[in-house]
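Enquirer: With the working numbering applied, the sequence shown covers 1 to 238.
With a straight-line cut-off of 20 Å between C-alpha atoms, the simulated EDC-like cross-links for lysine to aspartate or glutamate are: (1) Lys77 x Glu38; (2) Lys77 x Glu52; (3) Lys84 x Asp99; (4) Lys37 x Glu52; (5) Lys124 x Glu233; (6) Lys143 x Asp19; (7) Lys177 x Glu127; (8) Lys84 x Glu38; (9) Lys177 x Asp159; (10) Lys84 x Glu52; (11) Lys37 x Asp54; (12) Lys41 x Glu29; (13) Lys77 x Asp64; (14) Lys77 x Asp90; (15) Lys77 x Asp54; (16) Lys177 x Asp167; (17) Lys84 x Asp43; (18) Lys57 x Asp70.
For the record, the hints were derived by calculation from the structure and aren't laboratory data.
Model, not experiment: these values are computed from the prediction.
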Amino acid sequence: MHCYRPINPIQAITFDLDDTLYDNVPHMEQALNAMMKEIQKVDGLQQATLSEFDQIKHALTIDDPSIYHDVTRWRTKSIYQFLKVNGINDSQIINNITDNAMNAFIYWRNQINVPQASLNLLEKLAERYPLAIISNGNADVNKIGLSDYFQFSLRSGVDGLSKPYSDMFHLASHRLKINPEHILHVGDNLNTDVIGAINSGMMACWLQISHINIYQQPETRLLPHFSITDLFELNFLL
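Please work from the sequences and hints to get the whole structure.
Expert: Written out as structure tokens, the structure is:
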């Protein structure tokens, strides 16, 4: 653990989800593959690629930058638009394929096995602190077995603009009934988690997955209060 700022007495802890409490990469790969398989069932789209889909998805942010804050709406609209761009004009087919592709994505998105050691840590922390989730993603804490450890879960789009905007940080403070300077936010992203938390008045713990020196990270614009390389370093809070 490396400390960079004075740490106030901690009265509550908020966590990011993806790549903080579990490795999200393999789960996203599964979800994206399942989504594309549904799209590829359409005549003429058997060879459709994720790269082609991502181009359409990116283009939507140019026309509607705010869609970035709601990843479920963004992906749903991207599937719909991808089908139209590729010559599918039957609205019933478009709606059916969009629903099937999103259902497949969401199902596999939530097939997450959180490491038992992480669950054990959360159980101990929850005995001492109120815990909450602040996530830009659309994983469902109820479906991935985390709901018992957290008082609530906030997701961008539904609960405000995505991190690093302050909406969800302020909402978390309000719902916890604890001033932000006594809330610690834990996350893996120097921008969305660290900058977002600090600019919202919270303390920030950076989960340093890459093991790269923080001063060599191009995203480092604000230093966290402290950094860890493994969640289990949070045992010092017990």
